[in-house]
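Novice: Given the sequences, and given the hints that come with them, work out the whole structure.
All residue numbers in the sequence shown are consecutive under full-length UniProt numbering, ending with 145.
None of these hints come from the bench; they were simulated from the model.
Hints may be right or wrong, so weigh each one.
[Stated by the list, open to error] Computed spacing ranges between beta-carbons, pair by pair: (1) V136 / I18: 22 to 28 Å; (2) G48 / F132: 31 to 37 Å; (3) E60 / L90: 37 to 43 Å; (4) G48 / P75: 20 to 26 Å; (5) S8 / I119: 27 to 33 Å; (6) P41 / V109: 40 to 46 Å; (7) H3 / I138: 16 to 22 Å; (8) A25 / L98: 36 to 42 Å.
Please read these numbers as outputs of a predicted model, since none were measured by experiment.
Ideal placement from N, C-alpha and C gives every residue a C-beta, glycine not left out.
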Amino acid sequence: MLHNRALSCFVVYGALLIVKMYVVAIITGQVRLRKKAFANPEDAVRHGGLQYQREDEDVERCRRAHRNDMENILPFLFLGAVYCMLEPSLMAAHAHFLVFFLGRLLHTVAYLGKLRAPIRSVAYSIAQLPCFSMAVQILVAALSS
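Specialist: Now the structure itself:
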């Protein structure tokens, strides 16, 4: 891995993105506890009674943010790993990974912070650009070999 600096860079950003996903999961759990809104009856009973087995808009917002991460970060992890096999320049790879990471970070902040539109949508779109770029480069390389 040390010989492929793009891969080393990718591993750092991939790990940061996964940590970010874990943080969103922890925030979701904390919001559930604070709002007393549990999905499962056994959790509701443990925290006061079945009346707390309910949905809450803030919990659902956290869940949507987490689901959006899974829908976008998991494909990035595949694309980034394959992209590194193309041996891109470190600068190009770093730019792809950094833009995706910052876009996803801003997306999460906008989602959980209820920032005004279109901040979340812009962040989402920005993060899609490096994924599209990597996908195109992978396809070109695969089709030309």
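Novice: So, for every hint listed, does it hold in this structure?
Specialist: Structure-based check of each hint:
1. About 25 Å separates the C-beta atoms of V136 and I18, a value consistent with the hinted range of 22 to 28 Å.
2. Taken as a hint, the range 31 to 37 Å is violated for the pair G48 and F132, whose Cβ atoms sit roughly 47 Å apart.
3. In this structure the supplied range 37 to 43 Å holds for E60 paired with L90, their Cβ-Cβ distance being about 41 Å.
4. For G48 and P75, the Cβ-Cβ distance of about 40 Å falls outside the hinted range of 20 to 26 Å, so the restraint is violated.
5. Evaluation of the 27 to 33 Å hint for S8 and I119 yields a pass: the beta carbon distance comes to about 32 Å.
6. Take P41 and V109: their Cβ atoms lie about 33 Å apart, and the range 40 to 46 Å is violated.
7. Take H3 and I138: their Cβ atoms lie about 20 Å apart, and the range 16 to 22 Å holds.
8. One distance hint, 36 to 42 Å for the beta-carbon pair A25 and L98, is violated here, with the actual separation near 24 Å.
When the structure is compared with the earlier hints, violations turn up for hints 2, 4, 6 and 8 and for no others.
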